[in-house]
Amino acid sequence: MAKNISTFEIFWVFSSITLIASLGILFIWVPTDANLGISQKIFYLHVPSAILGMISIAIVAFLSILYLLNTEKKKWDDLAYSFSEVGMVFLTIALISGSLWSKPAWGVWWTWEPKLTLTLVLWFIYVAYLMMRSYMSGSGNEAKFGSVVALIGAIDAPLIYYATELWRSAHPGAVVGPNAESGALDERMFFGLIASFIALSFMFIYFVSNRYFLRSTETRMNFIVRKLN
Amino acid sequence: MGKTDALEQKPDFREQEIGFIYAHRIKLIIAILVLVLAVGYLAFNAWDSAKVYYYTVSEIKEIGPTSEGQFVRVSGKLIDGTFERVENTTLASFILTDGTETVQAIHQGIIPDLFFNEHSEIILEGRYTQDKVFQSKNIIVKCPSKYVASSS
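Line by line, the protein sequences give chains C and R. One point on numbering: in the numbering used here, the residue at position 6 of the first sequence is -2, and numbering is uninterrupted. One point on numbering: in the numbering used here, the residue at position 20 of the second sequence is 244, and numbering is uninterrupted.
Honestly, I wouldn't trust all of these hints.
Stated by the list, open to error - In silico negatives: residues of chain C with every beta carbon more than 12 Å from chain R: (1) Val22; (2) Ile51; (3) Leu61; (4) Leu87; (5) Trp98; (6) Lys107; (7) Thr109; (8) Leu143; (9) Asp148; (10) Leu151; (11) Ser161; (12) Ile190.
To be verified - Derived list of chain C stretches under chain R, where covered just means 3 residues or more per stretch with a C-beta under 8 Å from a C-beta of chain R: (13) 68 to 77; (14) 165 to 175; (15) 178 to 188.
Rather than coming from a laboratory, the hints here were simulated on the basis of the structure. Just so you know, even glycine gets a beta-carbon here, dropped at the ideal spot from N, CA and C.
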């Protein structure tokens, strides 16, 4: 359990510095896209937050399995819950920034194409996970039932990544990761993306560590209340 | 001390809940079954029109005119110099191609910025009418999945 929150405060410093640095890099050094113009800058917020939102559900599922293997270890569940809340925030950022970008780039705010639809499905899985746990809270089963929802969500994440390969879609193909075409991204743009990803990752870790500290405190408090009963 | 008494009087909701679930298991299974069948039926019916996001120009030619009220999407590239706009209106006509076949299309409304980009693929939403014209309601521009630095 996180005994002292100040050990994580360093991530606040990291994320502040890297966020400011990445903004500088993105708006001064990284070139503007030839076709899309300035609206392509949304890419540096959209892609990292989508990646973090997708990775997050995989981590939630992994931690859920660890919890299911040994339900005495409440800390895995606390950590999973913290990841799910922060992951949902990042996926929401990805959806909103994507919508704002698709209006100037594609001409519509939203279209029911596979990659977008699957991302919305993942968003609803996050909502289901959090809502169900909130409704069942105190029953003692919420962690187990939540794990099942998280595992379904973890199946969705790779489908989102490969959606442009598997089905006809309007969304551009992957530019990073194993499914990316080589040369899909200008070198300086790739560097800008990495910089932005690192900055947002620090922010992500900072949020998760704070939420985990709070959550484990809640768990301990509930334990004490139960003992008093 | 008063507080502890109040807590002890609280009924154990968890035991009640589990008892309830077991007693109504048959009903629960039937309810889930009905739900699954209903969703399955809807999914089965929607499959034909939803399995692909868009048709290519050749495919829409093969399928032929769409029935009244049915929306389809067709994707292709704009042929250079085919774009015409009716004077003082937002009505435009143009020809899309997938490399082998072409389709005449008309669109009423705003044309997105990247419509005329030579790398863009254009997805039209609308109806393919009896007179072999695609009446577009919405235009979605599929931008290339390559990002290149502008030369300026």
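Okay, the hints, checked on the actual structure:
Its beta-carbon lying about 8 Å from the closest one in chain R, Val22 of chain C breaks the requirement of being farther than 12 Å from that chain. The non-interface label for Ile51 of chain C is consistent with chain R: the shortest C-beta to C-beta separation is roughly 27 Å, beyond 12 Å. At roughly 23 Å, the least C-beta separation between Leu61 of chain C and chain R is larger than 12 Å, which holds for a residue marked as non-interface. The beta carbon of Leu87 of chain C sits about 17 Å from the closest Cβ of chain R, which is more than 12 Å, so the claim that it is off the interface holds.
With a closest Cβ-Cβ approach of about 5 Å to chain R, Trp98 of chain C is found to fall inside the 12 Å limit, against its non-interface label. Listed as a non-interface residue, Lys107 of chain C fails to keep its Cβ farther than 12 Å from every Cβ of chain R; the least gap is roughly 10 Å. Taking the minimum C-beta to C-beta distance to chain R, about 9 Å, the non-interface status of Thr109 of chain C is violated against the 12 Å cut. Taking the minimum C-beta to C-beta distance to chain R, about 19 Å, the non-interface status of Leu143 of chain C holds against the 12 Å cut.
Every CB of chain R lies more than 12 Å from the CB of Asp148 of chain C, the least distance being 17 Å, so the non-interface label holds. Distance check for Leu151 of chain C against chain R: the nearest CB is about 15 Å away, which clears 12 Å, and the non-interface claim stands. In this structure Ser161 of chain C is not separated from chain R by more than 12 Å, as the shortest Cβ-Cβ distance comes to only about 6 Å. At roughly 19 Å, the least C-beta separation between Ile190 of chain C and chain R is larger than 12 Å, which holds for a residue marked as non-interface.
Coverage of the stretch 68 to 77 of chain C by chain R is violated in this model, with 0 residues showing a Cβ closer than 8 Å to a Cβ of that chain against a need of three. Counting residues of the stretch 165 to 175 of chain C whose beta carbon lies closer than 8 Å to any beta carbon of chain R gives 5, which reaches the threshold of three, so the coverage claim holds. Counting residues of the stretch 178 to 188 of chain C whose beta carbon lies closer than 8 Å to any beta carbon of chain R gives 3, which reaches the threshold of three, so the coverage claim holds.
Violated hints for the displayed structure, listed by number in ascending order: 1, 5, 6, 7, 11, 13.
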